[in-house]
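Enquirer: Chains as they are written, first to last, in the working numbering: chain A, 1 to 241; chain B, 1 to 113.
No wet-lab data here; the hints were simulated from the structure.
Check before you lean on any hint, since a few could be wrong.
[As the list claims (entries may be wrong)] So the derived label-pair ranges between C-beta atoms look like this:
| hint | chain 1 | residue 1 | chain 2 | residue 2 | range |
| --- | --- | --- | --- | --- | --- |
| 1 | A | R174 | B | R71 | 30 to 38 Å |
| 2 | B | H9 | A | R80 | 20 to 28 Å |
| 3 | A | R174 | B | G68 | 41 to 49 Å |
| 4 | B | G8 | A | L139 | 51 to 59 Å |
In this text, all values refer to a predicted model and were calculated from it rather than measured experimentally.
Backbone N, C-alpha and C fix where the C-beta goes; we use that ideal spot for every residue, glycine too.
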Amino acid sequence: MSAHGRQTGPAEAHPLEAHPLEAEADPVEKHIADLTAVLHGPARAKARMIEEIRDGLTETVAAHIRGGSTPTRAADDAVREFGTPEELAPGCQRELTIAQARHTAWAVALTAPLLAACWYLASSTAPGQDGPVPRAAQLFATQLATAVGAIALLAALALAVTGTLARRLPTPPRLPLAIAWAGTTAGVAMGVATLTLTVASLLATDWPLVALAGAFAAVSHAVVAPSARACRRCARLARAL
Amino acid sequence: MRADRVRGHLDGLLMAVLEQGPLHGYAIITAVQQRSGGVLDLRTGTIYPALNKLERLGLLTSSWESVGERRRRSYRLTDAGRRSLAEERTAWREFTMAIGSVLNPGAQPRSAI
């Protein structure tokens, strides 16, 4: 921190508005663009982080200009004090990766129990099913639901470990990757359950409920699978930076 | 003071400057600079992910506030954050006392004798 003693003032009196830099030559905009390009994570969390960093940079530039620097010099100094995108990216990506892991964990923890309940409802309201395919489908989907249920418990544990429990316990560095693969497994199980329940609905006598369970499995898959894919990407990026 | 030495204490520094009341990101940077006399060599951009982490842990809360046409995020210390800050202070006092006793054996604090 080398800018001790800078003046602070109201944010609305932004000196750059009176001395605008060309966008392509503005070190602040280049810094923000570079950081935006390298970071990945939940859209809202990333946008918030970038907006805060832009605001901080803008205020720093304004303080330097109030202190007598030219706009160009002030922007260069502000970027140097803030840290280069390479210096900031690891810390930012670590938080975004945890945010993405929590997003995936929430998706699994919320959809998996509902999927299991939906399947239980579908199977329990069709006790007369004795045809070979529906019976096999029931057993298969039950096993899938059990696997997804176990993953949901893991997801709930991960939410606790990355939440308030993290005040006392260090977050394992590989946890986001573990959540990513658990979510991927849940997504595959949900996709297979969708196919299984769709086929079963064609053969079942009480087909609307089975078809409804299949539709819910499809929606769960559509929610969990992309989130798990994004989580894998974030986890790889966090390790690479 | 080198950045890697400061990094391990960043959470405590941020909570300490928020003890008096809510501040936004740039005001937090300025407060840390002023309190440290400009001695701490820290890339100021690193405070933003640190603030996010403290909020995730429930030690801070935050909200957007409008300033003219712009908006910025303001952070406030929670009760859990105040307890955590008190623990940080206690741990820091014990640490500096122990290190000081070794580095300056002739000037041991009364409580350590």
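Enquirer: Each of the hints needs a verdict: does it hold here or not?
Expert: Right, here's what the structure says about each hint:
Taken as a hint, the range 30 to 38 Å holds for the pair A:R174 and B:R71, whose Cβ atoms sit roughly 36 Å apart. B:H9 and A:R80 have their C-beta atoms about 23 Å apart, which keeps the hinted 20 to 28 Å range intact. The given range of 41 to 49 Å is respected by A:R174 and B:G68, whose C-beta atoms sit roughly 44 Å from each other. In this structure, B:G8 and A:L139 meet the distance hint of 51 to 59 Å, their C-beta atoms being roughly 54 Å apart.
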